[in-house]
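Colleague: Starting from the structure of chain A, add chain B where the hints point.
There are 2 protein chains.
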Amino acid sequence: MYINKISHYIPKERVPNSWFFNKNGTDEEWIFQRTGIKTRSKAGEDENTNTMAIKACENLSANLDFSITEVDLIIGATYSPFDTVGTLAHAIQNHFKISNTKVVSISSACSSFVNALEIVEGYFAIKKAKKAIVIASEHNTAYYNPKDPIAGHLWGDAAVAVLISKEKLSENDIYIKDILTYGLANIGEGNKGVVLQPNKGGIKMPHGQDVYINAVKYMSELVKELLDKNNMNIHDIDYLIPHQANIRIIKKVAKELKISTEKVFVNINELGNTGCASSPLALSQNISKIKKGETLIFSVFGGGYSGGVAILIA
Amino acid sequence: MYINKISHYIPKERVPNSWFFNKNGTDEEWIFQRTGIKTRSKAGEDENTNTMAIKACENLSANLDFSITEVDLIIGATYSPFDTVGTLAHAIQNHFKISNTKVVSISSACSSFVNALEIVEGYFAIKKAKKAIVIASEHNTAYYNPKDPIAGHLWGDAAVAVLISKEKLSENDIYIKDILTYGLANIGEGNKGVVLQPNKGGIKMPHGQDVYINAVKYMSELVKELLDKNNMNIHDIDYLIPHQANIRIIKKVAKELKISTEKVFVNINELGNTGCASSPLALSQNISKIKKGETLIFSVFGGGYSGGVAILIA
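Residue numbers (our numbering), protein chains in the order written: chain A, 97 to 410; chain B, 97 to 410.
There may be inaccurate statements among the hints.
Chain copies aren't distinguished; within one or between two, either way the pair holds.
[To be verified] EDC-like, lysine to aspartate or glutamate: derived pairs with alpha carbons at most 20 Å apart: (1) K224 with E109; (2) K226 with E352; (3) K223 with E321; (4) K348 with E317; (5) K151 with E267; (6) K223 with D274.
Calculated from the structure, these hints are not laboratory results.
Extracted from the complex, chain A is given alone in its bound form (with noise of 0.2 Å):
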């Protein structure tokens, strides 16, 4: 399977650290020195989770070769949805008045853009889809408490189309070479470590620190597995693009997998923390750095616990 197009939007509004100084007594400095942050994006009034995702495909759609309406599989990934019965996948097949499509979104917190690409890999091997869009879309600022010291400044909105073909449609597709992912609520303080409870407060992380600590630890050995797998090392890999939660996890983990910095995508000091949108929206934003036979992995962990790993050949 192939990534054919990339695209993405990101709302106009910046939040700078200095904000959350009179909501939660956060200091500008110590929320760099602690995250990486330093702005981080934030939706307008208007705008949601299904609006951000549909101008994020209305942008793919420019790109494609082909109409948006050949799509026959459409996965919205989001753990901050604006709507659970009309979904994210439903609002984007209603826009463009898709027929003869699957429509379902998903959560595994900010792994889901790669639990969606298995999803994906099941359709085309049971023939059920040939041309996907993966959306994942992030609404953090509908959920968050920006008074909340631990984790109101951690949080941005944005969202990334994505469009999957079973077969190579062009030279410059991206092959998907294998994808792995796992379920990790067994461990640590498992689904407790981040939590989005709508009716109880949205999110909040009362397990920072075990959230840390596992985000190196499967963030890295993930990676290891998938590329023993696929008879691969470290030396083969040009970017590492991980889930962007903090920039101490992404330094930690480039460090275990020896990996230089300089090949890691990293877009968390401009937008915070776009939840699982954040890989892909890394990815959608280096599109053109990347040169034809470089390799890529995705490693992403999120808050449930789940990891999910997968490697690009362009």
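Modeller: Using the frame of chain A, we list chain B on its own:
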């Protein structure tokens, strides 16, 4: 693929129609005539989507001929999540300490259970799983507005857990012969027919008439489409297991399909609309009635819109 075991959990409380008179002015008999509902199940104060799912899985675990920790895929199906980060699937993995399993939670509204079966089909095909749990759990009363005279009185709470295996594990396994899903958000009022916006008032049904018309149309047509594809016809069906949104929809679908209402599993009268849990729950409640060799068909419709059908052979 096969249904090896199925178990459920229904909260004890039953709320009678008369309870709503002081809430939204609807009359006991009027509700019954319009919906077929006499009472609906309601979760307790300390229950939620995840706790109900755990109870359904404890019942499932007690019925299994092997340890629940052998499961290698957990799919949570819900549009009424307790936690979108530590999701339904993560909660099951955490509670039963199941290692080496994939976890993801999904919503395609009330059709989610059949969508989940199709995702399992994909995981089995790519050889990444052999034994899956699908849990459909809905905590509608966490998101409903009992004062809403249009939709306040419709909803019930329940959870169902199903062990799906790639290979036949016992003589009593039910064969899943074929599965069909469609996104239908491009039809009629699409993703605005029923909505559940956690930050905008929860569950509402702005376009009930459009939902009714399209539910009847697609719950009938998709059955015919899947039977045709399998060179079967309605006379081959021993039991219809419809989504339980409204008895008038169920009766109209039975009439369209020319299937006797005695052949239709119904639980809406006692439990209300238990969302994507409603049809697998009807199967679980009637499992002892089914004879070896009998054929059953699921037909579901989700408010987003989306539809799903699956043929089972006992």
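Colleague: Take the hints in turn and mark each one as holding or not.
Modeller: The hints, checked one at a time:
1. K224 with E109: neither (40 Å within a copy, 41 Å between copies)
2. K226 with E352: neither (37 Å within a copy, 33 Å between copies)
3. K223 with E321: between (28 Å within a copy, 17 Å between copies)
4. K348 with E317: For K348 and E317, only the intra-copy Cα distance (12 Å) is at most 20 Å; the inter-copy one is 55 Å.
5. K151 with E267: neither (26 Å within a copy, 51 Å between copies)
6. K223 with D274: So K223 and D274 pass the 20 Å test inside a copy (18 Å) and across (13 Å) alike.
Checked against the numbered hints above, the structure violates hints 1, 2, 5; every other hint is satisfied.
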